[in-house]
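Visitor: Heads up: the sequence lines are chains A and B, in that order.
The opening residue of the first sequence carries number 1 in the UniProt record's numbering; numbering runs sequentially from there.
The opening residue of the second sequence carries number 1 in the UniProt record's numbering; numbering runs sequentially from there.
In case anyone wonders, no lab produced these hints; they're calculated from the structure.
The reader is advised that the hints may include incorrect statements.
Claimed, not checked - Here are the computed lysine-lysine pairs in the DSS-like style, where the Cα-Cα straight-line distance is at most 30 Å:
no., chain 1, residue 1, chain 2, residue 2
1, A, Lys135, B, Lys7
2, A, Lys160, B, Lys717
3, A, Lys120, B, Lys3
4, B, Lys420, A, Lys220
5, A, Lys112, B, Lys7
6, A, Lys115, B, Lys7
7, B, Lys717, A, Lys135
8, B, Lys717, A, Lys162
9, B, Lys115, A, Lys83
10, B, Lys325, A, Lys74
11, B, Lys717, A, Lys115
12, B, Lys49, A, Lys136
13, B, Lys328, A, Lys76
14, B, Lys714, A, Lys120
15, B, Lys340, A, Lys136
16, B, Lys14, B, Lys717
17, B, Lys717, A, Lys76
18, A, Lys220, A, Lys187
19, B, Lys3, A, Lys83
20, A, Lys112, B, Lys15
21, B, Lys798, A, Lys120
22, B, Lys325, A, Lys187
23, B, Lys14, A, Lys135
24, A, Lys160, B, Lys328
25, B, Lys717, A, Lys83
26, B, Lys153, A, Lys120
27, B, Lys15, A, Lys113
28, B, Lys420, A, Lys74
29, B, Lys717, A, Lys136
30, A, Lys135, B, Lys328
31, B, Lys420, A, Lys112
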Amino acid sequence: MLLQLNNIFKWVQQGGQRIFLLKDVNLEVEEGEFISIMGPSGSGKSTLLNVIGMLDTFNEGEYEFLSESVHTLKEKYRSNLYKEYIGFVFQSYHLLDELTVEENLEMPLLYKKVKGSERKALVADMLDRFNIVGKKDLFPTQLSGGQQQLVGVARALIGKPKLILADEPTGNLNSQQSEEIMQLFQKLNKEDGVTIIQVTHSEKNAEYGSRIINLLDGRKI
Amino acid sequence: MFKNYIKIAWRSLKKQPFFTFLNTFGLAIGMAGALLIALYIYDEMSYDKMFADANSIHRIHADIKFGGDAREFAVTPAPMAEALKNDFSEIELVTRFRTRGSALVRKADDQANVKEEQTTFVDASFFEMFGLELLAGDVKTALKNPNTLVLTKTAAEKHFEIGNAVGQNLVLNNEETYTVVGVIDDFPQNSFLRDHSVFESMEGNGDAKEINWGSNNYQTFIKLIPTVNAADIQEQLRGFLGKYVIPGVQQYMPGITEEQLKKSGSYLVYSTMPLTDIHLKSHRVAEISANNDIQSIYILSFIAVFLIVLASVNFMNLSTAHSLKRAKEVGVRKTLGSNKIDLVRQFLVESGLISFLSLLLALIFAVIALPFFNTLANKDVSIPFTSPVFWVTLLGSVVILGLFSGSYPAFFMSRFMPIKVLKGGGGSSVGGGTIRNSLVVFQFAISVFLIVSTLVVYQQLKYIQGKDLGFSKDQVLIINDVYTAGDKVTSFKEQVKQLGFVKDATLSSFFPTPSSRSDSTFSPEEGGTDQENAVSMQTWAVDYDYVSTMDFELVAGRDFDKNFGNDSTTIIVNEAAVRIMKLSPKEAIGKRYTPGFDSNNPEYFTIIGVVKDFHIASLKEDIDAVSLHLGDRAYALAVKIQPGDFTNAIARIEGVWNTIVPGEPFDYYFMEDAFNNTYQSERRLGNIFIIFTVLSLLIACLGLFGLAAFNAEKRIKEIGVRKVLGASVSQISMRLTIDFLKLVGIAILISLPLGWYVMNKWLEDFTYRINIPWWVFLLAAFLAVLISVLTVSYQSIKAAIVNPVKSLRSE
Ligand SMILES: Nc1ncnc2c1ncn2[C@@H]1O[C@H](COP(=O)(O)OP(=O)(O)O)[C@@H](O)[C@H]1O
Ligand SMILES: [Mg+2]
Numbered sequence: 001m002l003l004q005l006n007n008i009f010k011w012v013q014q015g016g017q018r019i020f021l022l023k024d025v026n027l028e029v030e031e032g033e034f035i036s037i038m039g040p041s042g043s044g045k046s047t048l049l050n051v052i053g054m055l056d057t058f059n060e061g062e063y064e065f066l067s068e069s070v071h072t073l074k075e076k077y078r079s080n081l082y083k084e085y086i087g088f089v090f091q092s093y094h095l096l097d098e099l100t101v102e103e104n105l106e107m108p109l110l111y112k113k114v115k116g117s118e119r120k121a122l123v124a125d126m127l128d129r130f131n132i133v134g135k136k137d138l139f140p141t142q143l144s145g146g147q148q149q150l151v152g153v154a155r156a157l158i159g160k161p162k163l164i165l166a167d168e169p170t171g172n173l174n175s176q177q178s179e180e181i182m183q184l185f186q187k188l189n190k191e192d193g194v195t196i197i198q199v200t201h202s203e204k205n206a207e208y209g210s211r212i213i214n215l216l217d218g219r220k221i
Numbered sequence: 001m002f003k004n005y006i007k008i009a010w011r012s013l014k015k016q017p018f019f020t021f022l023n024t025f026g027l028a029i030g031m032a033g034a035l036l037i038a039l040y041i042y043d044e045m046s047y048d049k050m051f052a053d054a055n056s057i058h059r060i061h062a063d064i065k066f067g068g069d070a071r072e073f074a075v076t077p078a079p080m081a082e083a084l085k086n087d088f089s090e091i092e093l094v095t096r097f098r099t100r101g102s103a104l105v106r107k108a109d110d111q112a113n114v115k116e117e118q119t120t121f122v123d124a125s126f127f128e129m130f131g132l133e134l135l136a137g138d139v140k141t142a143l144k145n146p147n148t149l150v151l152t153k154t155a156a157e158k159h160f161e162i163g164n165a166v167g168q169n170l171v172l173n174n175e176e177t178y179t180v181v182g183v184i185d186d187f188p189q190n191s192f193l194r195d196h197s198v199f200e201s202m203e204g205n206g207d208a209k210e211i212n213w214g215s216n217n218y219q220t221f222i223k224l225i226p227t228v229n230a231a232d233i234q235e236q237l238r239g240f241l242g243k244y245v246i247p248g249v250q251q252y253m254p255g256i257t258e259e260q261l262k263k264s265g266s267y268l269v270y271s272t273m274p275l276t277d278i279h280l281k282s283h284r285v286a287e288i289s290a291n292n293d294i295q296s297i298y299i300l301s302f303i304a305v306f307l308i309v310l311a312s313v314n315f316m317n318l319s320t321a322h323s324l325k326r327a328k329e330v331g332v333r334k335t336l337g338s339n340k341i342d343l344v345r346q347f348l349v350e351s352g353l354i355s356f357l358s359l360l361l362a363l364i365f366a367v368i369a370l371p372f373f374n375t376l377a378n379k380d381v382s383i384p385f386t387s388p389v390f391w392v393t394l395l396g397s398v399v400i401l402g403l404f405s406g407s408y409p410a411f412f413m414s415r416f417m418p419i420k421v422l423k424g425g426g427g428s429s430v431g432g433g434t435i436r437n438s439l440v441v442f443q444f445a446i447s448v449f450l451i452v453s454t455l456v457v458y459q460q461l462k463y464i465q466g467k468d469l470g471f472s473k474d475q476v477l478i479i480n481d482v483y484t485a486g487d488k489v490t491s492f493k494e495q496v497k498q499l500g501f502v503k504d505a506t507l508s509s510f511f512p513t514p515s516s517r518s519d520s521t522f523s524p525e526e527g528g529t530d531q532e533n534a535v536s537m538q539t540w541a542v543d544y545d546y547v548s549t550m551d552f553e554l555v556a557g558r559d560f561d562k563n564f565g566n567d568s569t570t571i572i573v574n575e576a577a578v579r580i581m582k583l584s585p586k587e588a589i590g591k592r593y594t595p596g597f598d599s600n601n602p603e604y605f606t607i608i609g610v611v612k613d614f615h616i617a618s619l620k621e622d623i624d625a626v627s628l629h630l631g632d633r634a635y636a637l638a639v640k641i642q643p644g645d646f647t648n649a650i651a652r653i654e655g656v657w658n659t660i661v662p663g664e665p666f667d668y669y670f671m672e673d674a675f676n677n678t679y680q681s682e683r684r685l686g687n688i689f690i691i692f693t694v695l696s697l698l699i700a701c702l703g704l705f706g707l708a709a710f711n712a713e714k715r716i717k718e719i720g721v722r723k724v725l726g727a728s729v730s731q732i733s734m735r736l737t738i739d740f741l742k743l744v745g746i747a748i749l750i751s752l753p754l755g756w757y758v759m760n761k762w763l764e765d766f767t768y769r770i771n772i773p774w775w776v777f778l779l780a781a782f783l784a785v786l787i788s789v790l791t792v793s794y795q796s797i798k799a800a801i802v803n804p805v806k807s808l809r810s811e
């Protein structure tokens, strides 16, 4: 078992009233799964993904990641989890603008304190695999959206995470670019056994996955 | 990783040239200002430390209150030296100076004189005391014989080569012949002997051997043996009063005891001061050279710290405002596995880089500003580029400054929660606004305070310059050293008076300038030598034209008059003297007073006139009591000239001088200049205030400008929406500007009372001072508001005129 959510509640207080963002969510994720979270806008998909990624907190319930209880984790330990196990892919890519493609890829390895020579090899590998060797010295703003998201995925992968969390990774891409990313996800999932949880609006994208979770008003249906 | 930090830091600075410029420029200004001040302070603190045993050398001081007025002397009696040598085993060496002022010097076979500004008699122990070596001559025998002297290199070279100086004869003031026995190096600018160039053997000064504890004329220095502290000898030194001084006084006042003296409120306390403290801490009568005030060092240190803090606050403010833009980066990095410490380190490297860039810029600023600063501070400091200590200190300070300024932004930014900043809201939710606002308030409070201070200093200076001083200080030319004309001096005076543009002229050695000092204590005919009635007055020898030339106003009695045959035993006093006598001016006329304590054979002077008070010293001091009597030995001629072509007037007078005594130097100054020099330190303070007020305002404005820019950017969407809803450009820019004006308003409320309090304290130093006018505060507030409106409105208007389509599309 990679992670397990039991009776998760999340709410915000508004005008003396509790507004629930997540209501009694239960979820078990095994290693090697490819899950798509779906639901209308405002249904709590991002919130759920952020809770899973430990970017956001919850108010009630239990969350275990690799059999460790998450809400007792210190920030420092959490950043270790990011380094070791989790890669994020964002809808708006969130590449570091002042770094080149190559340096963006190198960043997680620096935080993992991987040695120089090994770092170079891993980055070269990744550039090769994603067919972006020719772009390695360009800055993110010099790339198209699809290319940026390729770099984003490559960056999420370079630390060899067990889990990739992707919030509408193709939201800003055209259909051809979307397909490319989805095929990539599928390949990673099948060949490397990486667990993937993605948020998506598209039925077509969801079909790449092995399981679909539907949300409505913060509740799993 | 560190290399990576630097690389990223450099790129993000390059990416934000506007922000980097504001930050670097602000810090550089602060650093350059602080650097110059630090050099100045370093120089001021270095005074007299170059002498070999500087730390064990001390000067004997005397605090005396005797018959009315209290004075603190830098000089003590001639026999003090001998007594110290005899009574103290702790004292290794004693050296006395008996300063003589300027002297005219020529070679025995030459006609033309050269003027040396400062000469002094000195004991032969001089060389050992101060660890001096002779460039020529024998240090073992030098100055042991009367009528020998030692010259500094510069003074010697005016007459002969250093190599053949020893053995030559020099004539001083056209009357005394001396043999040169040695040449020493010039004294450095930061030594108390910097202006002294001629040192005559004390052996030739008869007065030095007389056992007279009644007059204080000798600067007396002691060197303590290494194991002794100055504190150890104070008590025994104070005992000198009973042991030596009282027995001396008893010759004139038989039976007087130390107790009686004390009971009448009089005292005499001897003490010592370390040589290295003199320059900044001693303000005594008869200093050997002009000293500075430790107060001004404190003020300057304060200003330096202010500047650095202001610049650093600026940095923090701009960086945290700027961090709104960096929030996304922080969030992303955290999801990539960066922890807080990594981020803090990265931001600190960035601020370190900025402070390093600022240092380079600051050095350029400092090099450019140095000549102006030197003029302003009346100094000759240079930037010690070749000194390793300087660089180590500088780089060390830069690292500390970088860490200090960077720490708040770094910790502030590293706290960002990725969820908040990645959600797309950007940095609007990151907070820190209260602290930023407080920092702006702090900066403006300091700036407004400095504006108030500057205005007050200038008002006070203006008041001093405009004040009726009781004499005419305009257009009075004083010609020095006229005694070189010998008997022909009166004919010089008469010929000058014949010149059409000359209104009047008078011969005297004393004028209403701070350097004119000659104290005597007078006792009245009625009341005898009882100390209660003693009056201490300046006694100035003048001639018949003195009162009219100086424009003194007679309030009672008459002026000296040739038609009264017996004016040689009359005096004219000022109102201050009459006040001490506890008489009205009218009552004072006809009263008789005698100088000195010789009650057996008193010589009485009759008061024939009382003149209105006039200032002879700085307006910081009370008006001195002065008495004028007729005398004929005069060093200078004061000439009152009609307004007009002064250059021509001076040339004509010099022409007369040259026909009477060809070849003698013609040396003159305007009395007004001598007066103004008294306020040099206040004027300097005023100038320094102005400059640093401008600098601090500049820094504060840079900060405000940057903040306004970021604020406008942050609210660009809001502005766009408002415009679409129909708000006008002026409404929007008003809105943005008023937010900042509120902060400036708070700053004003804090700083005005502070300025009022501090500047009143400063004014308390002056006996004659202004009341701070209310408009000073109004003007300071107005300036602050005006400057901030100008600074902010540029950004506000710029933001307000942006086409809303543009700003709403972004994101
Ligand atoms: N911090 C918050 N405070 C108040 N409401 C929030 C907050 N975060 C999210 N929401 C609300 O919760 C709901 C779910 O948001 P989100 O998870 O982003 O939806 P989705 O990603 O499914 O579109 C939305 O209605 C959103 O407005
Ligand atoms: Mg969403």
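Visitor: Compare the structure with the hints numbered earlier in the document and write down the numbers of the violated ones, lowest to highest.
Guide: 2, 7, 8, 9, 11, 12, 14, 17, 21, 22, 25, 26 and 29
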